[in-house]
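K.L.:
What follows is the residue order along each chain.
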Amino acid sequence: MSILVDGSTKVICQGITGASGAFHTKGCLDYGTQMVGGVTPGKGGLQDANGLPIFDTVQSAVDSTGANASMIFVPPPFAGDSILEAADAGVEVICCITEGIPVQDMIRVRARLQGFPDSVLIGPNCPGLMTPGRKVSGEGSTAVFEGGCKIGIMPGYIHTARCDAATGKSVGVISRSGTLTYEAVWQTSVLGIGQSTCVGIGGDPVRGLGFIELLSLFEEDPETDGVVMIGEIGGSDEAEAGRWIETNMSKPVTAFIAGRTAPPGKRMGHAGAIIGGADDTAEAKMEVLRACGVSVCQSPAELGSSMATALGVQPVPVAHGAS
Amino acid sequence: MKIHEYQARELLATANIPVPNGSMVTSVEDAVQVGERLAADSPPVMVVKAQVHAGGRGKAGFVKVVKSVDEIREAASFMLGNRMVSPQTPPDGLAVDRLLVAEGVDIDREIYLAITTDRTRRTNTLIASAEGGVEIEQVAEERPEAILKVPMHPIDGLSDYQARDLAFELGLQGKQVRQFVSIALQLADLFVRTDASLAEINPLVITPATEAHPDGQVVAIDAKFNFDDNAMFRQQAIAELFDPTEEDPDEMRARDAGLSFVALDGNIGCLVNGAGLAMSTMDIIKLHGGDPANFLDVGGDASQEAVTEAFRIILAEDKVKGVLVNIFGGIMQCDRIARAIVAAAEEVGFQVPLVVRLEGTNVEEARAVLEQAEARMPTMRTATDLDDAARKVCESVA
Chain P
1 MSILVDGSTK VICQGITGAS GAFHTKGCLD YGTQMVGGVT PGKGGLQDAN GLPIFDTVQS
61 AVDSTGANAS MIFVPPPFAG DSILEAADAG VEVICCITEG IPVQDMIRVR ARLQGFPDSV
121 LIGPNCPGLM TPGRKVSGEG STAVFEGGCK IGIMPGYIHT ARCDAATGKS VGVISRSGTL
181 TYEAVWQTSV LGIGQSTCVG IGGDPVRGLG FIELLSLFEE DPETDGVVMI GEIGGSDEAE
241 AGRWIETNMS KPVTAFIAGR TAPPGKRMGH AGAIIGGADD TAEAKMEVLR ACGVSVCQSP
301 AELGSSMATA LGVQPVPVAH GAS
Chain F
1 MKIHEYQARE LLATANIPVP NGSMVTSVED AVQVGERLAA DSPPVMVVKA QVHAGGRGKA
61 GFVKVVKSVD EIREAASFML GNRMVSPQTP PDGLAVDRLL VAEGVDIDRE IYLAITTDRT
121 RRTNTLIASA EGGVEIEQVA EERPEAILKV PMHPIDGLSD YQARDLAFEL GLQGKQVRQF
181 VSIALQLADL FVRTDASLAE INPLVITPAT EAHPDGQVVA IDAKFNFDDN AMFRQQAIAE
241 LFDPTEEDPD EMRARDAGLS FVALDGNIGC LVNGAGLAMS TMDIIKLHGG DPANFLDVGG
301 DASQEAVTEA FRIILAEDKV KGVLVNIFGG IMQCDRIARA IVAAAEEVGF QVPLVVRLEG
361 TNVEEARAVL EQAEARMPTM RTATDLDDAA RKVCESVA
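In order, the protein sequences belong to chains P and F. Here the working numbering is used: position 97 in the first sequence is 97, and no number is missing along the way. Here the working numbering is used: position 225 in the second sequence is 225, and no number is missing along the way.
Please keep in mind that the hints were generated in silico from the structure rather than gathered at the bench.
Chain F stretches covered by chain P per the calculated footprint, using a threshold of three residues with CB under 8 Å from any CB of chain P:
1. 279 to 286
2. 356 to 366
A short, non-exhaustive set of chain F residues, derived as facing chain P with CB atoms under 8 Å:
3. Arg119
4. Thr123
5. Pro154
6. Val192
7. Asn230
8. Asn273
9. Pro292
10. Gly330
11. Leu386
We put the CB at the ideal spot given by N, CA and C, even for glycine.
Just chain P, same shape as in the assembly:
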């Protein structure tokens, strides 16, 4: 089990003919994701280098392929529109990788998504989401997996499916940061802990699913034993998640907040400080999370070991391909 996506998820790529879209479509295919097509307006009827059909519109792609998830690599000026196009075509999981979408666009997009209650948005400005597949053969970056679903730019091979995890446990990962997500995945994998689903929620101020929505999905998921959450300075999402965890979450949660040593002064005027409130700094967020029963890592090097302790498992160090 997993949340949001699994081996049966059918995925299209919006912006499949762009350099990034093409590169990562191949990466997802190689991991074993059911990539079923792509969308580039004006190139409908053609095929990409992998032989996937290209459509002019998301609606025609969905009608022809039965796709229920989309990975968006459309450039920033048009990405907001692409998200709405996917929602309007009934795509259930919309994952927007694009970095640099204007905030005002995302404010309007988020508001309009309320009209599409069956669609969820992941991102933008995120590495994507993935549910690891079983390892079939090989080691390290050349290992072969099946039955998983990787939507995005993360290195698939560092992930471990529950069935391959030496401890028999798997955790959910929720992160605002890309490469720090990989760090958490890697640290849990080398200790023999698998991942149910990993979700990069993105670093933008206005985005799709947040910590609380995902925590509640992980709480319901029978194959998630705990959750690693990775936050950053700015905003009050982590503190609100902490308060939610205290009353609603039975599974152990480990958290790290990046940016304790980030210099102040990169904030915006008085209004930024007022709107950010007291929960804006890394220290404040860590304090709230700790008070709410979350095991908070002081160091980003403790993500894996802290999760193992919280799960009450003896780590089983594994010789992972890249170690």
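Given the coordinates of chain P, assemble chain F onto it according to the supplied hints.
P.N.:
For chain F alone, coordinates are given in the frame of chain P:
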């Protein structure tokens, strides 16, 4: 992106928000000339304000209320001839080359009015307080009830009734209400139209009653705007307001190379991929007793040129006594980054200790590349994980 106060005033004026008469000048002579013009048709109280992005101008003596053209000459000579030092400037201060000379305004009341994006409510939000003036953050902290927040509709923006409610809540009366409503609606429209991330009028003043204006007038005295860098592709006019002299030259140079760089006070240079990992790397250096010299995110797909430029920027600072490279390769392949490190190190020349930690895609090949280069890079050590890397680099500079 930030702009100057005088530019913000011009934006407000184009949106029909009243601002006092005044002009930006770059010389003492021009300041005097503007002063003479202003003094001709109003009581001779004027202000001279240094135009720099850093705050703390008033306490630094770079905002002066003056009562004569001679005093303007004196204030302008001082500001253009001295560097401004405040808690928000570098220790050696900032050169001032632009001044705003504006007519003074009599003040009955000061209001705070701002708009920013509230990430929790996922929309733009007006923030207002009847207690305007410089200490607004203190007000927010001590008496949060004195701060009013009005969320704008994410698509329709601010409604008339919302602005009217706010005016009454701020205690405005008579004709002040209509003036305030107009200002709030215009500001909300301007904010969205220009892809602003912050629009702040502090103070928005009510002038004392006069015969001509028995309810006083509502005027914007000081304004601050920040804009969304990601929207500059459709904000040509705003982008042209950019003042490169306000930027740190190293940060500009880094940006041109596609890097995100912020200089800090420590002695350990950092080169990392991803903003979150870069911040975490700084955090873990601190935990090991070290002090980072910079934040540097090389991005997701750094070229050899970008890595070389990153090393150049880091090593240009004499204070840097050691460098930590921390890369978790995803899209970025470790072997490519390893080759870039070797090539860059050879081109730039490494005199200080270098600790390299690589993980992720193609890490085996990357390790082989670094091993082969070891003889040519005597100051390099490799690390097995994040903790090991931080420990090694901190030891090396201790």
